[in-house]
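Visitor: Turn these sequences into a full structure, and let the hints guide you.
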Amino acid sequence: MGRQLLGPAAPLTHTGRGPARAIAALPDPAPRAGEPAAAGAWLARADGHTTDVWRLAVTAGGDGRPDPGWSVEHALSVESPDARGVALGRLGTQPLLVLHQGDRVAVHGLAEEGRPLCAFPVHGHRDAQALACDPRGSGRVAVADGPHVRILDVAAATAARPREPQRSYTERLMVEPAAGPPGRPALLCRVMGRAVVAGYPGAGGEPVLLRQDEAVTAVRAVWHDDTWLVAAAAGRTVRVWSLTAALESAAPYEDITLPGDAGEEIRGLGLVVEEDGAPSVFVPDRRRVQRRRLRNGRWLVQEEVDVVAHALDARAMSDGSTWVGVDTGRGFRLWQAGAEHDGALPLLDDSWRRTAAMVLGEHQVLGRSVPLVAWGADDMIYLARYKGGRWVADRFPYPGGRASALVFTGSPDRPLLVACGGELTAAVFDATTRRELKAATVPWRGLDVEAAGAVYEEGRGITLTLQGRRRCDQILLGAQALNQAPDARPGPERRAGTSGPGVGPGANGWRPRTGW
12 MGRQLLGPAA PLTHTGRGPA RAIAALPDPA PRAGEPAAAG AWLARADGHT
62 TDVWRLAVTA GGDGRPDPGW SVEHALSVES PDARGVALGR LGTQPLLVLH
112 QGDRVAVHGL AEEGRPLCAF PVHGHRDAQA LACDPRGSGR VAVADGPHVR
162 ILDVAAATAA RPREPQRSYT ERLMVEPAAG PPGRPALLCR VMGRAVVAGY
212 PGAGGEPVLL RQDEAVTAVR AVWHDDTWLV AAAAGRTVRV WSLTAALESA
262 APYEDITLPG DAGEEIRGLG LVVEEDGAPS VFVPDRRRVQ RRRLRNGRWL
312 VQEEVDVVAH ALDARAMSDG STWVGVDTGR GFRLWQAGAE HDGALPLLDD
362 SWRRTAAMVL GEHQVLGRSV PLVAWGADDM IYLARYKGGR WVADRFPYPG
412 GRASALVFTG SPDRPLLVAC GGELTAAVFD ATTRRELKAA TVPWRGLDVE
462 AAGAVYEEGR GITLTLQGRR RCDQILLGAQ ALNQAPDARP GPERRAGTSG
512 PGVGPGANGW RPRTGW
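For the sequence shown, this note's numbering assigns the number 12 to the initial residue and increments by one for each residue that follows.
Some hints could be false.
[Said to hold, decoys possible] Cβ-Cβ distance ranges computed for the label pairs, FRET-style:
id, residue 1, residue 2, range
1, S88, P193, 27 to 33 Å
2, P454, P263, 40 to 46 Å
3, G271, P158, 22 to 28 Å
4, L258, R413, 35 to 41 Å
5, H321, G288, 28 to 34 Å
6, T181, E84, 23 to 29 Å
Derived by calculation from the structure, the hints in this document are not laboratory data.
Just so we're clear, the structure is a prediction, and the values are computed from it rather than from any experiment.
Just so it is clear, CB atoms sit at the ideal spot from N, CA and C, and this is done for glycine as well.
Guide: Listed below in C-alpha cells is the structure:
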C-alpha cells in the first residue's frame, strides 16, 4: 500500500562515507496568484563526514501534467565533520543549509560551495537534531543549547561581516537597545567592527547596516520625531544617522569631526532628547565634553565642560532634566545639562580599578529626579546618588564573583540595577534598597558577558540584551519575578569570611573616601 502511495523509489548518488545520521527536506514556497507553478524541493543528508544536497523537481509527462516521479540533481557536497543535525530553511529567497557540528551551528548558502556564510557557537552536544528554521523565511534558526532554546539571527550575522572570521580579542564589545514609543518594538544596535547593525530582533524585517570608516568605539540610539537616531564614534569622528521607523532607509547627518590623532579613541557618547524636544549628543573631546544640539540639520556646539572623560553616560530624566556623568579615571563627575556653569559639583573620588563601566540612572522622589551612578570593581558593586549637594555612596557584593557589565532599568520610582558577568549571567537589585531580587537571577548560560543593555516595559518586564565575544543573547525577565519581595538583607548573602549581616558604608572596614 505504501509503495502505491509513494510511487517508484530510486537510490540517490552521494559522496558520503557512512550511514545517514540526519536528513532534512525543504519544499518550494507556494506560488503567488498569477505565477506559474514550479513544484520542487531540496533534500539534504548528513553522515558525520559529508553533507549532500539534492535538488528535486516534479517530472512532466508528454501532456504537460506531472508524472508520479522526480528528476534529481546532485546540487552540493559539503565537508561537515561531526555533523549530527541538519535543517533546511530560507533567508528571503535564498535557501540555507544549517548543520549542527557539535560545538557550533554552521549556515551554508545552497547557491555556492565553500566556507559557511556564518557560524554560531553552542554548548549543547546531546540534542544535535533539535534544530529548526523559521518557515516564514526570516533566516532565524532555533537550536537546543543545553537546557535552553537559542534563536540564531542569520540575517544580522551575514549583513555585518559576511564570511569574515570571528571577532578579534582586541575588539571592544558594545550593545545598545533603545526603547521605542508605545506599541513599537525596541531598536537593537550591535557593533561589528566598523559597522553598527540596527534591527528589530524577533519582530521581522531586515536589519540596517550603518558603516563607519574605522572601528566603532561607542554607540547610542534614541527615538525622536517618528524616527530613530543612531550615533556611532570611530577614530575622531562621530556620525549620526536618521532611520525610518520601518528601517527602510538611513540618512547620515554631517559628520562631527574632532581634532587630534586617530589613536585618541572616543570612549563614550551620550544621545538624548531633552525637555524642549530637541536631541542632544554629548561628545568627549580630549580634556572637555561637548554638548551638541541638532539645529537645522547640523550638530552645533551648545556648551562645553572642562573634564577628562574615559567613559560617559547621559540620561534624560522623568522630571525634564538631563544629567551627564563621566569617569575621569580618578573618580566621577556629574552635572546637569544647561546648568554647566552654575558651579562645579563635587567630584566622587574613587581610584579603584573598574571591571564594570560607570552607568547613570534615576530615582524619582516626590516628583524630582535624583541621579544615580553605579560601577563595578571586581566582586563589589558601587552605587552612589547625588542629593542635596552631596554624594551618598554605598557598596555591596556581587554574587557572581566579578561584574563585567551594569545597566540601570525599571521605572523612575523603583529603579533596578542589573549586574552581569562572572559565575552568573545576571543578578537584579533594587537600587533604592540595594537588595537582590533573587527570583530574577539568571544562572550562567555559557556566555561570558562583556556588555549589556536593557529595555523596561511596564507590566511585561525587562528585555535584557547580553553581548559576549562569540554571541549576543536576549532574555526576558518577567514582571512577576521583578515584583516579588526582595531578599531581606541588603545585597546577596555574605560569603564565608566576611563580617556583619549587612553591607553599607562602614561595613567590613570600608569607608567612603574624601568627597563621597
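Visitor: Each hint needs a verdict: does it hold in this structure or not?
Guide: Against the structure, the hints come out as follows:
no.	hint	verdict
1	S88 to P193: 27 to 33 Å	51 Å, violated
2	P454 to P263: 40 to 46 Å	42 Å, holds
3	G271 to P158: 22 to 28 Å	49 Å, violated
4	L258 to R413: 35 to 41 Å	37 Å, holds
5	H321 to G288: 28 to 34 Å	31 Å, holds
6	T181 to E84: 23 to 29 Å	46 Å, violated
Of the numbered hints given earlier, the model fails hints 1, 3, 6; all others are met.
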